[in-house]
Amino acid sequence: MPLLILLVLLFSANPAIAAPNCNTKVCVKVYTDPKTGKLIITAKRNGSSSSPKPIPTRTWKPRPYTPKPKPTFTAPPKPRVIVTKKYSPKPVVKLSLSDQLAQLIPMKDIYFQPAIGALVQVPVNFWTTTPATFKTSVVMLGVPITVYLSPTYIWDFGDGSRLTTSSRGGPYPDQSITHIYRNSGTFSCHLQISWSGNWLASGVTSAVSGGAIIQNIYTQVKISPAPSKYLN
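Residue numbers (our numbering): 135 to 366.
Incorrect hints may appear among the rest.
For each label pair, taking beta carbons as the anchor points, the in silico distance ranges come out as [said to hold, decoys possible]:
| hint | residue 1 | residue 2 | range |
| --- | --- | --- | --- |
| 1 | Thr280 | Lys356 | 19 to 29 Å |
| 2 | Ser358 | Asn332 | 42 to 52 Å |
| 3 | Pro168 | Ser362 | 46 to 56 Å |
| 4 | Tyr352 | Ile250 | 30 to 40 Å |
| 5 | Gly319 | Pro278 | 46 to 56 Å |
| 6 | Ser295 | Thr339 | 13 to 23 Å |
| 7 | Lys169 | Ile216 | 13 to 23 Å |
| 8 | Pro248 | Ala341 | 19 to 29 Å |
| 9 | Lys242 | Thr339 | 49 to 59 Å |
| 10 | Ile314 | Ala341 | 22 to 32 Å |
| 11 | Lys242 | Lys169 | 35 to 45 Å |
| 12 | Asp167 | Ile216 | 21 to 31 Å |
| 13 | Gly319 | Ser271 | 41 to 51 Å |
| 14 | Thr263 | Pro168 | 19 to 29 Å |
Since the hints were derived computationally from the structure, they do not count as laboratory data.
None of the values given here were measured: they were computed from a predicted structure.
Virtual Cβ for every residue (Gly too), placed ideally from N, Cα, C.
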């Protein structure tokens with residue numbers, strides 16, 4: 135069954151990026167990136183720039199070792215090699231004042247029953263394996279941040295019929311998403327999933343800004359004419 139998956143990010147005409155939520159130490163902002171289609175979580179310390187200040191490192195200057203001459207020695211002294219040790223300072227781990235996480239929303243496939251032999255005037259059952267909810271938790275600059283997203287499913291069955299629902303459906307016996315095709319042929323079924331939600335940090339909840347995250351999934355549904363029998 136041919137399947138084409140396309141991921142795009144849909145924004146309103148003038149998407150507004152909400153101001154970050156700042157507690158006494160850290161500013162947190164959660165938004166969607168229009169270029170990558172990813173969820174972006176940023177944390178920044180108050181009163182600090184995003185670029186960390188350079189940390190000075192210690193430099194050790196080697197000193198040559200010069201032996202003291204012995205007062206009496208019959209043989210001529212052998213030349214001594216002066217050994218200099220090169221000091222390699224340990225790398226200093228610089229803690230960035232601004233951390234960022236880009237989390238891609240998971241996307242699965244869509245299915246229908248019967249996959250082969252679907253007939254006109256007979257209900258076709260549809261569902262998707264895309265998660266019904268999305269949750270991610272991170273700790274940034276010592277602040278726990280949790281993002282909650284929920285989807286809205288918009289089905290286009292390819293014959294002009296559409297269905298908007300909060301259910302993702304399921305295989306038989308679940309028949310929450312069904313459609314009856316009136317004509318035979320091959321139809322392009324399209325599922326659009328719109329993700330939106332909130333994030334929680336330091337006891338404060340705010341909506342994810344930047345617009346909804348839109349996922350598009352396509353598949354082909356072949357509908358055959360029902361067999362007919364003439365009776366005298």
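The hints, checked one at a time:
1. Thr280 to Lys356: 19 to 29 Å: Taking Cβ atoms as reference, threonine 280 and lysine 356 lie about 43 Å apart, which means the hint is violated.
2. Ser358 to Asn332: 42 to 52 Å: holds (46 Å)
3. Pro168 to Ser362: 46 to 56 Å: Holds, since proline 168 and serine 362 (Cβ atoms, about 53 Å apart) stay within the stated range.
4. Tyr352 to Ile250: 30 to 40 Å: violated (19 Å)
5. Gly319 to Pro278: 46 to 56 Å: holds (53 Å)
6. Ser295 to Thr339: 13 to 23 Å: violated (37 Å)
7. Lys169 to Ile216: 13 to 23 Å: violated (59 Å)
8. Pro248 to Ala341: 19 to 29 Å: Since the Cβ atoms of proline 248 and alanine 341 sit about 41 Å apart, the hinted range of 19 to 29 Å is violated.
9. Lys242 to Thr339: 49 to 59 Å: violated (28 Å)
10. Ile314 to Ala341: 22 to 32 Å: violated (38 Å)
11. Lys242 to Lys169: 35 to 45 Å: Violated, since lysine 242 and lysine 169 (Cβ atoms, about 24 Å apart) do not stay within the stated range.
12. Asp167 to Ile216: 21 to 31 Å: violated (58 Å)
13. Gly319 to Ser271: 41 to 51 Å: holds (47 Å)
14. Thr263 to Pro168: 19 to 29 Å: Cβ of threonine 263 to Cβ of proline 168: about 27 Å, so the range 19 to 29 Å holds.
In summary, the numbered hints that this structure violates are 1, 4, 6, 7, 8, 9, 10, 11, 12.
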